[in-house]
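Q: Given only the sequences and the hints, what does the whole structure look like? Please build it.
Each chain is listed here by its residues.
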Amino acid sequence: MTLHVENLTVHHGAIQALTSVSFDVKEGELTAVIGSNGAGKSTLLRTLSGLKSATTGTATWRGHNLLHGKAESHVRHGVAHVSEGKSVIPELTVEENLDLGAIWRRNKNESASTKREVFDLFPRLEERRKQNTETLSGGERQMLAIGRALMSKPELLLLDEPSLGLAPLLVKQIFEAIVNVTKQYGLSVVLVEQNAIGALNIANSGIVLNLGTIATTGSAQELISDPAVRAAYLGY
Amino acid sequence: MKSFNRRKLISASAILAVTALTATAVPANAFSPKSEVGVSQTEIKLGITLPMTGAASPGYNKVPAAMKAYFDYVNANGGVNGRKVTLVVKDDQYVPTQAVAKTNELILKDRVLALVAPLGTANNKAVAASVNPGKRGVPVLFVNTGFSGFADQKKFPTTYAILPSYVMEAKIMAEYIKDNFAGKTIGLVYQDDDFGTDALSGFKSAGVKFAATVGYASGSQSATTAAGWVTKLKAANCDVVILFGVSSATAAGLGTAAALKYAPQWILGSVGGDATTIKASGVPAGVLYNAVGASFLPATTDTSDEYVSLFQSIYSKAVPGSAFDNNVLVGMNSAFVTVQALKAAGANPTRASLLAAIDSKGSTFASAALLPLNYSKTSHVGYNGYWFGKYSPTGDLKPDGGKYTLYTTDSGSGAVVKSTWKRPAMPAKGLPN
Amino acid sequence: MHKLSNKVRILIFIVIGFAIYLLSNNVDELRVYQGAQVAVYVVGIASIILLTGYSGQVSLGQGALLGVGGYAAALSQLKWHLPIPATFAIAILAAAGAGALLGIAAARLSGPYLAGATLALAVGLPSIANQFTVLGGEQGLFFDVGFPPSSLGADFTQYKWFFWIASLATLLAIFWLQNVMRSRYGRTWKAIRGSEVAAELAGVNVARAKILAFTLSAGVAGLAGALLAMTIGTVSPSAFPLALSFSLLTGAVLAGVTTLGGVIIGAVTLVAIPEIVGSIVNRAGASEAIASNLPHIVVGALLILTVVFVPNGPVEQMRSRRLKNGTSL
Amino acid sequence: MFQFINTLLIGITSGAIYALMALSIVLVWRSTRVINFAQAGQALTSTFIGFQTLHYINSFWVALLVAMIGGALISALIEVTLMRVLLKHSSSGAIAGVAPIIATLGLLEVLQGTITLIWGGADVLIAPPLSNVGFTIGTNTLVFSPMKLAIIIIVLALLALLSLIFQKTSIGLSLRAAAYSPELARLAGVRVDAVRTLGWALSGATGAVAGLLLVSNGNGSFSTASMEFSLLLISGFIAAVIGGLESVLGAVLGGLALGIITSFVLMYVSDSLFFIAPFVILLLVLFIRPQGILGKKGGRRA
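Which chain is which? The protein sequence lines are A, B, C and D, in order. With my numbering as the guide, the letters of the first sequence map in order to residues 1 to 236. With my numbering as the guide, the letters of the second sequence map in order to residues 1 to 433. With my numbering as the guide, the letters of the third sequence map in order to residues 1 to 329. With my numbering as the guide, the letters of the fourth sequence map in order to residues 1 to 302.
With a cut-off of at most 30 Å between alpha-carbon atoms, the simulated DSBU-like pairs for lysine-lysine come out as follows:
1) K79/C to K155/B
2) K108/A to K168/D
3) K160/C to K135/B
4) K130/A to K168/D
5) K155/B to K160/C
6) K88/D to K52/A
7) K190/C to K88/D
8) K154/B to K160/C
9) K88/D to K70/A
Here are some chain D residues pointing at chain C (derived, C-beta under 8 Å):
10) A99
11) V110
12) T116
Keep in mind the hints are simulated off the structure, nothing from the lab. We put the CB at the ideal spot given by N, CA and C, even for glycine.
A: The following block contains the structure:
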């Protein structure tokens, strides 16, 4: 058990966004978190990455307490969060966005070789390395966001809706890329998605969130074949 | 039920309003009709407001200590009819609203007999209008301003200005230029407000033609803006330049001109020609040298003058280490005149007897000035003339040819004439009878 | 919140007015003068509360609008010899006009830009007086509301007269302001303050509402300016310095910008702090430099502490605490 | 002709100083989205620190360095003790948008009162380190002296240094990232709080240089109530707005534009327009191009 979440409760002001959420993610596995709008999916990721503080509960990554300390310290423990909506800084160039991902790493040679790997993974980014990020397409920005996360040498990747607003073909590409990097780096991944089918298709296991509580958990396969889940979230 | 809450809030604030006001309403000392305000068996209390801090304070902030030095000297020699003279000083930062507030404090809280030697035209106009010392019968004595408007006794029945008016100064300066710099190209730098406007009207009535006039906004004077003035004056090829501004503007003009290697014949107005301030603001020594200045008091270095030598010895004992400059001399002279007015007001001075004394005997008061005071029932203007001189290499104003030549005039269309008045001898030990 | 009926409100204001009347007869002249100052500040602060607290716009240049009002009052008396109430009305109208212009500019701006533009206004506008001789230059103009009527007796002082006039004008202004804030416009402004976008979606013409807020606020500021001119007897550029704008803003924050309820607290604080600090310093025998600087430090520190710890002001804080504790009905 | 050149030179030197102040305002704005109205008070305080240093070590350049360090520390302290708490406390509520502005105004009062208590209200003098006597061409003397040349060189050097830091170092990248998107910067491991403090410190140091150069551009005398310092704040702010509030280059261009335009107005129209000219320029900019010279459209409301 490398990511361990237990009884996690989070508030947005007076509103309870997450209620007693518990789950585990095994080393090297991809867990998809699905659910409708406002189910608390993004809140879950933001809490795990330290952007939001929890009310009660525990969350640890390889023993490191994720509910304590700030986001900038979690990244030093291998937690990378690609937040919702193309998490890049448009005012910076492509390369600067990538460099930003490695900014806390002391060994600059190592980060240079990571950058090489990211460029190999997403050649489009290398072509546009000096360009302003504003000029990138939606798909390219998502690649850049994932690339930026990889630059921090992550072990646990928290992905928030990478397919949001992308054309179907691009969605497929992004999901493929996610599978690739997960395998290549042996990452553990929590993938939050509205696109439930796509997510479950590449996931090992899944969690269904409903109004801040866990409705169902199970292997990806089980969830896809669960009629209730299918009716509610998969649309067929 | 909620309306109850609201109502409580409103009535609470009403109660608060009332209690807040009453809480601050600590009753002042009971007013006793028998003795005059500010006069007790042992003490006469006077008040002054002037800039002790802020942009206008340099130079002037030495005045209160100078006045106190003289009052203490009088107090040590028996006081005024056995009473000690004390001075309450308030800082008005040269802001009229502050002057009003502080003057109110002096009158209503400190309960002074009279205000003496306050500074500034705008401040005293505001005080006159708002505090209305005229209607209250509170004397405002020997105000340090040359604003001609204070001559209006209907508006300012208890206000007495001490400086010659700026109109007079401009007229006299014009006469001096005619005598000494005829045919030269003349430039003028003035403060673009009532102070400068008064001067402009004086120059105009004297028929002075300027090749360049630079009116700066009060408060904008700095070495940076002065570079603009100098550039303009240079472009107009002025050989004689009159700086008719406050000391900081005079300093900025002189310093910048030196940096731009522009050396016309300077003529400094009496307000801004304060050597101490000019030197303190980093103007290189020597720039001031040979500039023309004006004063109605003897030169501060003229130790052969009995007033100067006495005041100098009193001041150096009271405020050791402080330079004896024109501000000190002005302050001590004001105090000297004040003591005479108090003595003239009788054994038990009142506000009314003080005013009456100045009206009837003011023109006979001794003072350090080389001109008589002109107070009477119809005139509340103090001095009416100037002598001219040049600044020495050390920055001291010395009369031309070592001899004081006094020009006098009025604020109207009267001619400028040379005065033949001789100052009477100083009262023994500098203590008025 | 449920509203008081107009009858009750009028009654409350009459009671307050009576209390002020009693007070004016029982304190000495200095306090009466300070009472008039408090009244001026109350109106000035209320004008900021209308603007900032109700429409979320900040003005660092309210002092300049007071200046417009003051000059308008003085000019109309000087040129047309209007009776005093009419000069006050002109002050209100002139400042409201200036406020409308400012509002048109301000509707395009927000946050720091608006703050900066109004700041520049506070510095730039008063010096316009030097450009036109009709405004009297640095010395300014006289504004004389005249002596109290002789029917009030010989002992009736000028300051008491100022205090009466200022108090009456203040009560009327506050009553009117309450009406405005309870009206449809008040709700509109609150909606804008909450979220401009949401208000726009709800069909509010945000720009127009903002301009209206600026106009009304400026009108109230104009009244404060005329009252200020009355208490100091003149209008001049230096009577409306940047420091005045800052003082009013300070008073508004200390009062709590979201409610008129604390306005007297802000005004009294502005008048009382220099006095209290001054008397403590004098008693301690400290120098004039300390006496004139310590009040600035105290007021500044108080402003910072209020913004950090009770950003909505003490009155609102007490109210919300009571609501939270459930002790309120 | 000489009048024209002199006017231009006057404008450029004062513009360079406005530019520094604008830069100092921009640095704080970028790091915390706060307009710091206490900036001029801080610059004045730093200048007094420089003045005090000159009492012990008689070198202007050492004093400048000490003033910069002092200015940086004061500024950092303000960020840590006041701004951080303030932004946490009042992120919501009626005056959330204006609370920082008001707090910095309070700070200005506190600073000004405190330095007056320490150093008194009287004028003091910092002798300019280089001659202020203008260069001479033929028979004409320019409004351009070794000191003014030094001022321009110092401003340019500081500018180059800041640009280098911003564009070429990872600290610069952190500063920019934290400015544009604190949340993403945080996720990337940037210690945003520390970076903000750094931004304030840089701003404080820049303001200190502006203060000392302002004094040296004149005759060296100043006081706690110097009008020049309140004007410095306003000019700096206007310059920053003209430049669009976001960019270093914009601040510099804004400062120069303001300096030059004002100088020409004072020379060729009237000296009495001193206080009104910058105000009119600001209004014109806000009306014609609300986003500033280099600002992006739509940025103004952000």
